[in-house]
Amino acid sequence: MSLHLNVNGEARISSCDPLTPLVDVLRDEFFLTGAKVVCREGFCGACTVLVDGHPIMSCLLPAGMAAGCEILTVESLASGGNLSPLQQAFEDYDAVQCGMCFPGMLMTLTSFLKQEPNPTRDDIKTALVGNICRCTGYERIVDAALSLIPTA
Amino acid sequence: MSDTSSAGTNFPRRDARDKLRGRTRYTVDQGRPGMLHAVLLRAEVPSARLLSVDTAIARKMPGVRAIATAADAPGRHGIGIADHPLFATGCIRYDSEPIAAVAADTLAQAEAAAAAIIIELEPLPAVISMEDALAAGAPLVHPQWRDYEVLLEGAARGGNVAWEATVVRGDTAAAFARPDVRIIESAFQVGRQNHLSFEPRAVVASYEDGRFHIETSTQVPWTVRNVTARILDIPASQVRVTVPAVGGGFGLKFDCALEPFAAILAREAGRPVRLVNSRQEEMLTCLCRENAEIQIRSAVTEDGEIVGREAVVLMDCGAYGGEQIFLTTMTAHTLGGNYRLGSVKIASRAIYTNTAPNGAFRACNGVYNTFALERHTDEICDAIGMDPLEFRRRNVLGDGDLGATGQVFEGNVLGPMLDRMAGLREAKPSKKPLAGDRLYGRATTVGTWFVFVGPSAATVNLNADGSATLVTSGVEIGSGSMMQSLPQIVASTLGLRPEDVIVRTADTDGSGFDLGVGGGRTTVSLGAASQAASAEVRRKLLGIASEMLQTAPERLVLENGRIEIIGIKGSGTTIAKVAERAQQVVGPLSGSGSFTGPGVAAMAGCARGHFIEAIDIPVFAVHECEVAVDPETGHVEVLGYTVVQDVGRAINPRAIHGQIQGGVVQGLGYALHEEVTIDANGRIRQASLETYRVPLAQDVVPVEISLYEGAPSIGPLGTKGAGEVPILNVAATIACAVSNATRRQVQQLPLTPPRVLELILGRGAALSFPHIANAWRDNVLTPIS
Chain A
719 MSLHLNVNGE
729 ARISSCDPLT
739 PLVDVLRDEF
749 FLTGAKVVCR
759 EGFCGACTVL
769 VDGHPIMSCL
779 LPAGMAAGCE
789 ILTVESLASG
799 GNLSPLQQAF
809 EDYDAVQCGM
819 CFPGMLMTLT
829 SFLKQEPNPT
839 RDDIKTALVG
849 NICRCTGYER
859 IVDAALSLIP
869 TA
Chain B
3 MSDTSSAGTN
13 FPRRDARDKL
23 RGRTRYTVDQ
33 GRPGMLHAVL
43 LRAEVPSARL
53 LSVDTAIARK
63 MPGVRAIATA
73 ADAPGRHGIG
83 IADHPLFATG
93 CIRYDSEPIA
103 AVAADTLAQA
113 EAAAAAIIIE
123 LEPLPAVISM
133 EDALAAGAPL
143 VHPQWRDYEV
153 LLEGAARGGN
163 VAWEATVVRG
173 DTAAAFARPD
183 VRIIESAFQV
193 GRQNHLSFEP
203 RAVVASYEDG
213 RFHIETSTQV
223 PWTVRNVTAR
233 ILDIPASQVR
243 VTVPAVGGGF
253 GLKFDCALEP
263 FAAILAREAG
273 RPVRLVNSRQ
283 EEMLTCLCRE
293 NAEIQIRSAV
303 TEDGEIVGRE
313 AVVLMDCGAY
323 GGEQIFLTTM
333 TAHTLGGNYR
343 LGSVKIASRA
353 IYTNTAPNGA
363 FRACNGVYNT
373 FALERHTDEI
383 CDAIGMDPLE
393 FRRRNVLGDG
403 DLGATGQVFE
413 GNVLGPMLDR
423 MAGLREAKPS
433 KKPLAGDRLY
443 GRATTVGTWF
453 VFVGPSAATV
463 NLNADGSATL
473 VTSGVEIGSG
483 SMMQSLPQIV
493 ASTLGLRPED
503 VIVRTADTDG
513 SGFDLGVGGG
523 RTTVSLGAAS
533 QAASAEVRRK
543 LLGIASEMLQ
553 TAPERLVLEN
563 GRIEIIGIKG
573 SGTTIAKVAE
583 RAQQVVGPLS
593 GSGSFTGPGV
603 AAMAGCARGH
613 FIEAIDIPVF
623 AVHECEVAVD
633 PETGHVEVLG
643 YTVVQDVGRA
653 INPRAIHGQI
663 QGGVVQGLGY
673 ALHEEVTIDA
683 NGRIRQASLE
693 TYRVPLAQDV
703 VPVEISLYEG
713 APSIGPLGTK
723 GAGEVPILNV
733 AATIACAVSN
743 ATRRQVQQLP
753 LTPPRVLELI
763 LGRGAALSFP
773 HIANAWRDNV
783 LTPIS
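Line order of the protein sequences matches chains A and B. Residues are numbered in the working numbering as their position in the first sequence, beginning at 1, plus a constant of 718. Residues are numbered in the working numbering as their position in the second sequence, beginning at 1, plus a constant of 2.
By construction, these hints were calculated from the structure, which means they are not laboratory data. In this text, all values refer to a predicted model and were calculated from it rather than measured experimentally. Positions of the beta carbon are idealized from the N, C-alpha and C atoms, including for glycine. Honestly, I wouldn't trust all of these hints.
Between beta-carbon pairs, the in silico distance windows are [claimed, not checked]:
no.: 1; chain 1: B; residue 1: Thr635; chain 2: A; residue 2: Leu737; range: 50 to 56 Å
no.: 2; chain 1: B; residue 1: Thr693; chain 2: A; residue 2: Leu737; range: 42 to 48 Å
no.: 3; chain 1: A; residue 1: Leu778; chain 2: B; residue 2: Leu153; range: 42 to 48 Å
no.: 4; chain 1: A; residue 1: Leu778; chain 2: B; residue 2: Arg687; range: 22 to 28 Å
no.: 5; chain 1: B; residue 1: Asp384; chain 2: A; residue 2: Leu778; range: 48 to 54 Å
no.: 6; chain 1: B; residue 1: Gln240; chain 2: A; residue 2: Ser865; range: 48 to 54 Å
no.: 7; chain 1: B; residue 1: Thr471; chain 2: A; residue 2: Ile867; range: 40 to 46 Å
From the derived model, a few chain B residues whose C-beta atoms are all more than 12 Å from chain A [claimed, not checked]:
no.: 8; residue: Leu22
no.: 9; residue: Tyr28
no.: 10; residue: Ala84
no.: 11; residue: Cys93
no.: 12; residue: Glu155
no.: 13; residue: Asp467
no.: 14; residue: Gly480
no.: 15; residue: Arg506
no.: 16; residue: Leu698
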């Protein structure tokens with residue numbers, strides 16, 4: 719049985735068991751290794767991808783459940799050689815350290831900023847409740863996201 | 003004359019872009035054609051005789067390509083003592099200790115085969131706590147401890163005392179007997195801290211042309227090379243280690259870990275083998291910051307002079323000595339640091355228990371020794387009725403003062419840093435109103451740490467296009483030192499832009515020995531070697547340029563990729579042209595450099611069993627915080643946090659600020675809610691992120707930061723390591739502030755709400771350690787004259 723998935727705008731076919739966690743299909747079959755497996759329990763957020771626009775922990779979602787949905791991974795954010803505004807802000811703020819949490823951070827905040835174009839600092843921190851970063855102490859990530867808010 | 007304009011700038015990191023695009027391939031993202039997947043069979047008891055390991059059935063399971071057991075790994079390794087075999091050998095000493103390793107076509111096949119290995123065990127009694135381990139007649143974790151190879155002579159050992167380091171300077175007995183002193187005694191206890199680096203320990207190993215190639219997530223490629231060789235009993239030259247981007251280290255990866263397992267399996271299977279710890283394995287076998295117990299006593303005069311100090315520190319090394327053996331050294335420089343002491347006796351002991359081995363974690367035992375020292379200092383101030391800031395101003399180490407081991411400190415650093423902190427405090431309103439009805443506390447602490455210097459090597463090749471390639475064994479673990487400070491140091495020596503310096507990733511076949519990335523040493527040791535290598539290139543470059551420009555070398559200056567005659571802009575030529583010319587007349591330009599710690603003298607006879615008797619580069623920190631404690635729930639909120647950090651010279655201030663924010667937040671987790679506990683069967687209870695609570699975005703505050711420059715340092719351009727020390731006095735500062743808020747003596751970490759409530763309600767029993775003797779001398783094996 720094969721599974722039809724729409725990943726980053728491309729139709730992809732997977733031969734996996736539909737119960738396979740989506741993150742494993744993305745990483746092991748499609749070599750989209752941006753999403754990271756860190757806890758496999760939905761606590762760290764490093765595997766966050768967008769499924770029909772919603773940030774989802776791809777370690778908890780069986781790939782079969784994503785069939786027919788639009789899946790976006792961190793690899794989709796930049797277009798051509800250009801980083802997305804949020805990626806660019808992270809680079810400009812020297813926010814990155816080890817980098818393992820950023821794929822998830824980016825997907826969560828990309829979705830959040832689309833829904834909430836005028837968030838406060840606290841709103842952004844609340845949005846990050848499901849994304850752990852062990853290196854940076856968060857504040858620069860928040861600073862970078864806030865820099866995209868015109869009124870902030 | 004050299005241009006140092008690229009030092010002191012916020013040079014961005016070159017790896018950010020790929021990390022942000024999800025393109026960076028960490029070790030966990032690596033794959034090879036034909037790669038096998040491996041798992042470890044781990045023990046599920048803390049102590050047992052291992053009677054047999056039968057792999058016959060497992061070997062016939064589908065997809066299985068190789069199985070390794072203790073017979074494949076004859077050697078033992080360790081720091082100070084070679085006590086650690088790769089696989090449990092003869093007996094099991096901790097829960098989750100590896101017994102066998104299996105490689106198969108798929109991970110599921112490897113797991114199934116591991117489950118089919120039959121082991122026969124005979125249970126043995128276990129010592130789970132240090133109190134168990136030091137009880138009279140306690141079972142020995144290593145009954146054969148006398149037979150182990152000793153790698154560093156001079157320390158007392160015995161039974162469950164894996165290592166003992168002592169400091170004796172002056173006559174504490176006389177100090178404590180003085181009629182004009184108050185004697186203040188304190189006890190402290192701390193649990194373990196898990197690094198939780200996002201990338202677990204991971205390796206891909208292969209065996210090609212009679213040599214191992216190990217690609218791994220490590221901070222110490224040369225340690226991996228040498229330990230793998232020792233365990234396999236092969237020449238170290240047969241092991242090549244390369245390191246891709248590392249997804250967080252924090253000290254966890256400062257030791258050889260999974261690499262030898264994968265190497266053995268790869269050799270047997272003839273195919274590349276991938277071995278990655280699951281998160282559960284990481285939680286259960288993390289080389290945590292160790293749990294520790296501290297007793298400290300001081301004799302202090304009414305005007306705050308510390309005339310005598312005696313301390314005993316017990317550090318749980320778990321089932322094998324590991325890093326704790328070395329860390330016994332650091333008690334002298336941390337618990338024995340910060341203040342002038344008239345006389346001092348310190349016993350720092352690593353204790354074997356039947357629990358998972360501990361390891362190195364950012365500022366290591368400095369974190370809890372600083373907690374203990376600073377809380378003890380505040381208890382002294384309470385007892386003698388002196389303002390804690392005044393006490394610190396009077397007593398902090400200054401120019402010409404003696405450290406615990408009798409080393410002479412150079413420069414007044416902590417005093418002016420306290421003044422700097424006072425200025426910051428006065429310049430802004432207190433955050434007390436934010437506490438509302440809650441209890442409010444503020445505290446200021448000082449801390450002493452060091453840069454772990456030691457050997458490093460570097461080569462710089464100057465390319466004919468005017469770029470330079472820096473070759474070292476340095477590893478980028480996320481702190482940015484390989485991405486920012488090293489290219490900045492090379493660029494400033496050669497007059498290039500830092501973006502024109504290529505930094506090669508670590509490969510033990512391509513670069514010279516290095517002690518590893520940790521202990522704040524990258525910028526200093528690798529930086530100094532890189533600077534020396536660059537200086538050699540510079541000399542050669544100037545020689546060639548001098549001929550080309552018909553000008554003496556000392557009248558030339560390197561800047562912006564050009565070599566100019568001093569004072570005459572546009573008079574010279576580009577570095578690229580000189581490099582190209584050199585290639586034609588003398589061959590390509592390169593330079594090599596090396597560095598090691600020069601060694602600072604301690605007072606003869608003061609320190610026993612120490613790896614480092616005096617610290618080459620001390621690093622100081624002053625922290626201050628304001629907290630609100632909810633008396634109903636015991637919840638501690640951090641209202642504000644300020645750091646004054648001694649950085650020597652800040653060559654990339656923005657990057658250092660990032661390290662400080664991140665380090666302080668890791669310290670907040672340790673101080674407030676990161677808790678590792680061990681059950682009666684010796685198993686770590688916090689097996690996942692569900693139960694191990696790390697700081698989240700909502701828990702943190704922006705740290706106010708002031709970089710203190712100008713303290714003496716032998717580091718290149720006057721630098722000191724800046725990434726390790728930010729965590730040093732966070733727990734101390736929070737604990738002192740919570741003490742001040744609650745008017746209770748904080749003795750334990752972390753300050754979880756239940757623990758703080760107990761404190762407020764006065765329900766917790768005072769700490770007492772039946773296994774720490776009252777008389778200092780009764781705590782040591784070392785003969786003290």
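Going through the hints against the structure:
The hinted window of 50 to 56 Å between B/Thr635 and A/Leu737 is violated, with their beta carbons roughly 41 Å apart. Between B/Thr693 and A/Leu737 the beta carbons are some 26 Å apart, a value that contradicts the proposed interval 42 to 48 Å. Checked against the given bound of 42 to 48 Å, the beta carbons of A/Leu778 and B/Leu153, roughly 46 Å apart, stay inside it. Distance hint for A/Leu778 and B/Arg687: a CB-CB separation of about 23 Å, consistent with the stated range 22 to 28 Å.
Checked against the hint of 48 to 54 Å, the pair B/Asp384 and A/Leu778 passes, with Cβ atoms roughly 51 Å apart. A C-beta distance of roughly 51 Å is found between B/Gln240 and A/Ser865, which places it inside the suggested range of 48 to 54 Å. Distance hint for B/Thr471 and A/Ile867: a CB-CB separation of about 42 Å, consistent with the stated range 40 to 46 Å. The non-interface label for B/Leu22 is inconsistent with chain A: the shortest C-beta to C-beta separation is roughly 4 Å, within 12 Å.
Not every CB of chain A is more than 12 Å from the CB of B/Tyr28 (nearest about 7 Å), against its label as outside the interface. Every Cβ of chain A is farther than 12 Å from the Cβ of B/Ala84; the closest lies at roughly 32 Å, confirming the non-interface assignment. Separation of B/Cys93 from chain A is adequate, the least Cβ-Cβ distance of about 32 Å exceeding the 12 Å criterion. At roughly 38 Å, the least C-beta separation between B/Glu155 and chain A is larger than 12 Å, which holds for a residue marked as non-interface.
The claim that B/Asp467 lies off the interface holds: its Cβ sits roughly 22 Å from the closest Cβ of chain A, which is beyond the 12 Å cut-off. For B/Gly480, the condition that its CB be more than 12 Å from all CB atoms of chain A is violated, with the nearest at approximately 3 Å. Listed as a non-interface residue, B/Arg506 keeps its Cβ farther than 12 Å from every Cβ of chain A; the least gap is roughly 19 Å. B/Leu698, annotated as away from the interface, has a beta carbon of chain A within 12 Å; the closest lies near 6 Å.
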